[in-house]
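Asker: Given next are the chains, with one letter for each unit.
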Amino acid sequence: MSAIVALIAGILFGTGLAMSGMTDTAKVQGFLDLFGAWVPDLAFVMGGAVLVTAIAFRFVLKRQAPLLVERFHLPTARDIDPSLLGGAALFGIGWGLYGYCPGPAVAALAYLDWQPALFVLAMLAGMGFRQLTAR
Amino acid sequence: MPYSLPLFGGILIGLSAVVMLLFIGRITGISSIIWSAIAEAGTSAWRWAFLVGLVTGPLAFHSLSGQPAPTPNASPWWLAVVAGLFVGYGTRLGSGCTSGHGVCGLGRLSLRSLIATLTFMATGIATVYVLRHVMEGAV
Chain A
330 MSAIVALIAG ILFGTGLAMS GMTDTAKVQG FLDLFGAWVP DLAFVMGGAV
380 LVTAIAFRFV LKRQAPLLVE RFHLPTARDI DPSLLGGAAL FGIGWGLYGY
430 CPGPAVAALA YLDWQPALFV LAMLAGMGFR QLTAR
Chain B
10 MPYSLPLFGG ILIGLSAVVM LLFIGRITGI SSIIWSAIAE AGTSAWRWAF
60 LVGLVTGPLA FHSLSGQPAP TPNASPWWLA VVAGLFVGYG TRLGSGCTSG
110 HGVCGLGRLS LRSLIATLTF MATGIATVYV LRHVMEGAV
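Chain order of the listed sequences is A and B. According to the numbering used here, the residues represented by the first sequence are 330 to 464, in order. According to the numbering used here, the residues represented by the second sequence are 10 to 148, in order.
These aren't lab readings, by the way, just hints derived from the structure by calculation. Think of the CB as a built atom: it goes at the ideal place given N, C-alpha and C, for glycine as much as any other residue. Heads up, some of the hints might be wrong.
Unchecked claim - Below, a sample of chain B positions facing chain A; criterion: calculated Cβ distance under 10 Å: (1) I20; (2) L31; (3) A50; (4) N82; (5) F95; (6) L118; (7) R121; (8) T126; (9) M130.
What the hints assert, rightly or not - Rough simulated footprint, nothing fancy, chain A against chain B, three-plus residues with beta-carbon under 8 Å: (10) 36–49; (11) 54–68; (12) 84–91; (13) 96–103.
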């Protein structure tokens, strides 16, 4: 049952990414090109998404438990530490270099081009490298 | 309305995150979902299901709407490799990406996620600035 809900949520998410143009690296890099030919689309995507989560999460998190499982799985970290800052900084560099963050890169696999496939493979390698060096 | 598609798309993304939290109590952080789908494959049916949906969504959208798929990035292949390594390493080190810190973290009013989001926005903007206005299309 959880898998069916996650499948539906994934379809919603992927549809949202494609509809909003976030699987188009030119639009994402255009948004990050604040000092050039700025493309504002991503501001509306983020704005729309955060508007929904900021309102709905308040009500959802007032519940004792989710509808299908026994408890919420929420991040517990609170510290603003070097890992958070360094990781976010490195992620932003990669994001700017090519215009994909993880969600759109995976969603763009749908187009059967080599670019998203190569990017996703490199991303998995980067994740693996972090896991190996973390121990 | 000029920006209605990005806005509606964003609302769908937000609804997806609400469905995940409400029904199965999970934060929709795609970098974590991808990594854990592989690292904890045994207990990850929901993660694989989400990822299948994530790829199915664009297929459905483009075939139903008639909107053409976007043109792939024209940068050289090695830039996809370098960028992917940065994104993969950075999202694990920083515990999240645009969806986990951005869409969900900001929705939970998490200070950690706000700081992370401002940080990756800033380095993303700086990187595109260097790429387009300092190196001027050298890659």
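Asker: All hints are to be evaluated individually against the structure, with a verdict given for each.
Answerer: Hints, one by one, checked against the model:
no.	hint	verdict
1	I20	holds, 4 Å
2	L31	holds, 5 Å
3	A50	violated, 13 Å
4	N82	holds, 4 Å
5	F95	holds, 3 Å
6	L118	holds, 7 Å
7	R121	holds, 6 Å
8	T126	holds, 8 Å
9	M130	holds, 7 Å
10	36–49	holds (count 8)
11	54–68	holds (count 15)
12	84–91	holds (count 6)
13	96–103	holds (count 8)
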